[in-house]
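Chains as they are written, first to last, in the numbering used here: chain S, 4 to 343; chain V, 6 to 808.
Keep in mind the hints are simulated off the structure, nothing from the lab.
Worth double-checking, as some hints may not be accurate.
Partial list, computed: chain V residues near chain S (C-beta under 8 Å) [said to hold, decoys possible]:
(1) SER461
(2) PRO689
(3) SER690
(4) GLN691
(5) ARG694
(6) GLU747
(7) ARG750
(8) TYR751
(9) GLY752
Between beta-carbon pairs, the in silico distance windows are [to be verified]:
(10) S:ASP34 with V:PRO689: 30 to 38 Å
(11) S:THR262 with V:GLY755: 33 to 41 Å
(12) S:LEU254 with V:ALA762: 29 to 37 Å
(13) V:GLY755 with S:GLU120: 51 to 59 Å
Going by beta-carbon spacing under 10 Å, a handful of chain V positions derived as facing chain S [said to hold, decoys possible]:
(14) LEU348
(15) ASP351
(16) ALA674
(17) GLY681
(18) THR692
(19) PRO693
(20) GLN695
(21) PRO754
The beta-carbon is built from N, C-alpha and C at its ideal position, and this holds for glycine as well.
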Amino acid sequence: MVKTVTYGSTVSIPLPWGVRDADGGIADVRDVLGRIRDAVEKVVEGKDDVVRTALVVLLAEGHLLVEDVPGVGKTMLAKALARATGVTVRRVQFTPDLLPSDLTGVSIYDAERRGFEFKPGPVFAHVVVGDEINRASPKTQSALLECMGERQVTVDGTTHTLARPFMVVATQNPAEMEGTYPLPEAQRDRFMARVSMGYPSMTSELAMLASHGARDPLTDLEPVSDPGELRRAIATAAAVHASPAVQQYLLDLVTATRTHPAVALGASPRASLHLLRASRAVAVLDGRDHVLPDDVQSLVVPVLAHRLVLSPEASAVRRTAEDVLVDLLQRVPVPSSSRV
Amino acid sequence: MTSTGRLRLASTVAVLATTAGLHLVVEGTAWFVQALLAVVVVAATGAAASALRLPGWVGALAQPLALLVVLCVLFVPGQAVLGLLPGPEALRALWVLALEGRETINSQAAPVVAEPGLRLLTTAGAGAVAVVVDIVAVVLRSPALTGPVLLAVHAVAVVFTPGGVTWGWFALAVAGWLLLIAADGGSRAAAWGRRVKQRPTARTSPGGNGGGGGAGRGDGRAVRAGTGAATAVAVTVSVVAVVAAVAVPPLVPGTTSVVLVGGNGAGIGGAAANSVNPLLDLRSDLESQGTAEVLSYRTSALTPTPLRIVTVDNFDGEVWRPSEIDRSQTRALGDGMPGVPGLAPDTPRTDVRYDITVEALRQQWLPTPYPATSVEIDGDWFVDTSTLNIRAQGRTATREGQDYRVVQAAVAPTPEQLRDAGPAPADVVERYTALPQGLPPQLEQQAREVVGSETSGFLQATKLQDWFRSTGGFTYSLEAPEPRSANALVDFLNDKTGYCVHFASAMAVMARTLGIPARVAVGFLPGARLGDGTWQVTLQEAHAWPELYFEGAGWVRFEPTPSARTGAAPAWTIAPVAPPTASTAPTDGASVPSVAPSAAATSSAAPATPGTTTQTSAQNAGVPWSGLLVVLALVLGVLAAPLASRSLVRRRRWRHADTAAAQAEAAWADLVEQIGDLGVSVPPSQTPRQVGSRLAEGLRRDGPGAPGAPVGSSGGSGGSGDSGGQRDREPQAVARLVGAVEGARYGAPGSAGGGTALVEDVREVVDAVVAQRPRSATWRWRLLPPSGVAHLRRWGRALLRRG
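Please put together the full structure from these sequences, using the hints given.
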């Protein structure tokens with residue numbers, strides 16, 4: 004069955020008025036992100052929507068959950084993103100025997116200095132790629148998620164602040180696969196968005212064979228930005244205007260998930276926050292200084308779908324969270340003027 | 006019951022409730038029974054079509070066919086195939102009958118006698134209204150819109166009813182309509198979230214299918230407008246209708262039953278035509294009649310007899326009306342006149358010729374002297390062999406300038422013959438001595454008292470006539486007796502004042518109580534002789550008189566109306582006093598010089614009597630055009646209300662738009678409203694940008710030439726227009742509107758761009774959409790905008806809440 008997820012994809016609406024309100028700062032951000040996107044897309048072909056969502060998450064200082072079967076380029080996406088932005092990147096392969104300290108780092112005794120020295124773990128990079136996060140034990144998973152939430156690590160009583168920007172790109176195989184510990188709801192909630200890579204189209208895959216067959220495309224990827232620029236972009240995005248009407252609309256959508264009959268557990272207040280931040284980032288990507296309901300709509304599926312727990316009845320008839328959200332988008336009225 | 010069934014039942018009731026109001030305009034109940042049958046059959050056909058799950062248009066087509074079958078069965082079973090299917094012959098017969106009905110309407114004032122032609126019209130009309138209401142209310146699911154249709158039916162009653170319609174009938178009609186709306190409201194269930202209803206006839210909007218993207222989902226849906234609604238539209242229409250019911254009658258000339266416009270046809274386009282109403286109502290006053298010339302004739306008779314139009318023999322205590330014509334008892338006029346009923350062959354008679362020219366008279370009954378033995382006239386006429394009434398068929402009626410020739414057998418039965426007349430045939434006795442139920446015994450007592458010991462029917466009749474004319478102390482008056490008792494004749498006998506209808510009625514009824522077959526004839530007195538030998542008959546000569554039956558002599562005319570008011574009566578009108586022969590005038594008395602004295606016949610009211618004319622008589626015929634115009638204007642007013650409310654709201658919207666943001670909102674509201682009226686629905690869950698992109702896409706795709714170069718989202722602001730040229734003008738207008746409303750709603754404070762130039766943009770976009778839609782899809786936008794209906798509804802609701 005082919006399902007058209009109408010609102011799910013982050014489409015840019017091809018209309019000429021998108022850039023009306025561009026001012027200096029926003030144009031710069033847009034410029035930077037355009038370069039990053041172009042660079043990433045050279046490596047990850049035919050996945051514009053996924054790349055765009057990844058950029059949004061980066062810009063909104065969130066974390067990204069990439070979910071799909073093995074071998075479709077999940078890690079490639081994360082690496083390409085990191086390299087294009089010119090920030091440090093560390094990759095951790097999650098396995099059942101991975102310990103929390105393998106992530107955060109450990110204090111080891113330095114005989115020369117006669118004291119403990121902290122050896123930072125892989126989380127002390129700007130972009131941390133957690134491959135197959137659901138293969139690790141829950142204990143290790145929660146250690147990572149704590150870092151994601153707090154943006155700091157405490158080891159042996161000492162608190163270490165993580166780098167900024169800090170972004171975890173966790174990949175996850177679908178839960179049904181063997182030897183996995185699916186992420187609990189509370190932890191999924193910490194990811195700002197979830198994307199699925201999906202198989203590339205025939206033409207993209209052909210192109211990939213042609214270009215990547217010989218050597219690793221990542222090696223050709225030159226950084227087009229730097230952490231300082233990225234931090235400024237993040238600050239710009241956080242300042243984008245979200246009118247009360249848009250905020251109300253966003254809340255309407257989130258609260259509607261809590262009362263929808265097919266949903267057992269709706270979206271959390273954290274989800275509202277994530278949705279708003281991501282919407283601001285989308286607006287910036289579009290070169291606007293204000294958020295539109297369209298921005299919110301384009302993010303509802305990636306930002307909310309992985310947080311919903313459907314009721315057993317709805318699951319029984321194979322309804323998906325995406326279906327429910329699309330349904331909501333058609334029901335919840337967009338705020339309009341109350342004047343005649 | 007399903008919601009459709011409930012709606013259909015309510016439609017049927019509403020149509021019947023409204024149709025019942027025509028009771029004020031059409032006599033009797035037979036027509037209503039037939040109309041009811043037609044309405045029920047139409048509804049049943051629709052229900053059957055729904056039950057079989059046939060598409061709506063099949064049902065809509067089947068209903069008129071079913072109606073046609075009903076009409077065939079009811080009115081022309083003889084001509085129909087198998088007695089029920091409409092073949093060519095049956096259709097022709099229906100057509101002729103319908104024309105006849107139209108003539109009836111044209112030539113009578115309300116209440117109209119429900120002759121078959123008229124009943125055909127009422128039945129077909131009720132059925133047709135039922136079909137329309139069914140389609141609008143059930144198939145299109147817009148019950149509120151049936152208001153104007155039902156109002157129009159009710160308006161017929163309003164316009165034609167003398168003195169207007171009573172509140173009861175109006176309330177009944179409105180109740181039926183409200184019931185219909187309530188049935189619709191009840192059938193809608195509350196739905197979760199905001200309801201966007203699929204309309205059965207939804208069309209896909211231009212930007213709709215295939216385009217993909219977020220916009221596609223809502224296409225083909227239309228927010229239902231105009232239905233449900235009930236309250237507001239109800240209030241609005243009711244107000245208009247009430248105003249109509251109250252205000253129209255006084256405004257419309259010719260709506261009262263007695264106003265006659267002699268000759269100068271008051272109505273717009275109404276021909277100057279008059280006619281005599283065959284209904285004699287004892288309770289109405291005789292009002293001014295005008296002096297229009299209706300007939301002129303030349304005759305060989307020295308003293309012509311009155312020209313009879315029709316006889317009425319069916320009396321209900323208050324109104325005389327013609328009996329239904331038994332078609333087996335008729336023959337075409339072309340086949341010659343039948344024998345004179347009851348006239349013995351050996352009775353001496355003289356042929357008298359009348360060459361008659363019709364002036365301003367439009368009548369479906371042919372005025373002839375009685376008894377006519379030969380009539381030469383053009384047109385489709387037939388004769389009732391039992392009464393010799395000559396009736397028109399189809400669109401035939403007397404027309405101005407028409408000539409016809411009548412030969413009358415002037416009969417002169419001797420008083421002896423009349424006195425010794427044998428008993429009348431049983432069928433004549435049965436039909437013509439029938440008395441209405443509950444006739445007060447006073448009438449018979451009075452009759453017996455007047456005739457005393459006289460036993461001969463003829464002598465009893467002469468005594469009665471004398472009593473009315475002279476010995477009884479009656480006076481002539483244009484006013485009907487005061488209605489003091491339940492019976493108008495009793496009032497007449499007590500008051501001893503009335504006009505010819507009362508005299509004729511009283512004499513006929515009293516004769517019946519004595520067992521003498523009697524009926525009342527309606528027609529014209531002979532009129533005045535002009536210098537050139539022509540006789541001229543005006544409306545003033547309209548008259549009624551009794552005819553009594555005596556075996557051997559047939560129907561004999563009497564004249565009980567006193568000649569008191571006539572002033573100097575011509576010498577020959579003086580009633581002979583001879584007891585035996587009495588003043589009886591054999592019907593014909595006239596022509597034969599030797600019988601001149603016995604011409605008591607003519608002794609009747611002098612021709613000059615202005616007052617003796619029959620009251621009911623001359624009704625200004627013709628359709629009250631100005632009345633119809635007023636009604637039409639009202640109906641149009643109701644229909645125009647949504648249009649007006651839309652533009653009113655729009656104007657108010659702009660008047661209050663003093664900030665840029667408000668202007669942007671106003672422009673956007675205008676746009677959404679208008680494209681909504683054009684069938685491009687805007688679900689509330691769509692953002693301005695989605696609406697805009699759908700519109701722009703639709704305009705670009707269907708515009709002339711290939712789709713415009715896709716405008717990249719990353720172009721500079723407005724920079725992409727350079728290649729588009731003319732073709733991109735509308736999409737750019739859309740873009741400006743979207744940009745403005747987005748800025749107003751979601752932009753940072755103070756960043757909104759408004760401006761009245763947006764009005765131009767709205768116009769441009771709407772025009773482009775109109776140009777793109779098929780004409781059939783734009784009529785609602787032009788004439789009956791759903792948004793206007795919605796405004797009315799809202800106002801009504803607010804009004805109710807405040808009340």
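Against chain S, with CB atoms and a cut of 8 Å, does the hint on TYR751 of chain V hold up?
5 Å, holds
If you take the shortest Cβ to Cβ gap from LEU348 of chain V to chain S, is it below 10 Å?
83 Å, violated
Mind checking the CB of PRO693 of chain V against every CB in chain S and telling me if the closest is under 10 Å?
8 Å, holds
Against chain S, run the beta carbon of GLN691 of chain V and see if the smallest gap drops under 8 Å.
7 Å, holds
Does the closest beta carbon of chain S sit nearer than 10 Å to the beta carbon of ALA674 of chain V?
7 Å, holds
With 29 to 37 Å as the target window, see if LEU254 of chain S and ALA762 of chain V comply at their CB atoms.
Check passed, 35 Å falls within 29 to 37 Å.
How does the Cβ-Cβ distance of GLY755 of chain V and GLU120 of chain S compare with 51 to 59 Å: does it lie in that range?
Given range 51 to 59 Å: holds, Cβ gap about 56 Å.
With chain S as the partner, please determine if PRO754 of chain V meets the hint condition of a C-beta pair closer than 10 Å.
Since the shortest Cβ distance to chain S is 8 Å, the answer is holds.
Does the CB of ASP351 of chain V sit less than 10 Å away from some CB of chain S?
92 Å, violated
Should the hint that GLY752 of chain V touches chain S count as held when the rule is a Cβ pair under 8 Å?
Given a least distance of 5 Å, the restraint on GLY752 of chain V holds.
Holds or violated: is there a CB of chain S closer than 8 Å to the CB of SER690 of chain V?
Cβ of SER690 of chain V sits 5 Å from chain S, so the hint holds.
Would the hint on SER461 of chain V be counted as holding, given a Cβ-Cβ threshold of 8 Å to chain S?
With Cβ-Cβ at 89 Å, over 8 Å, it is violated.
Figure legend: structure checked against the earlier numbered hints; hints not met, in rising order: 1, 14, 15 and 17.
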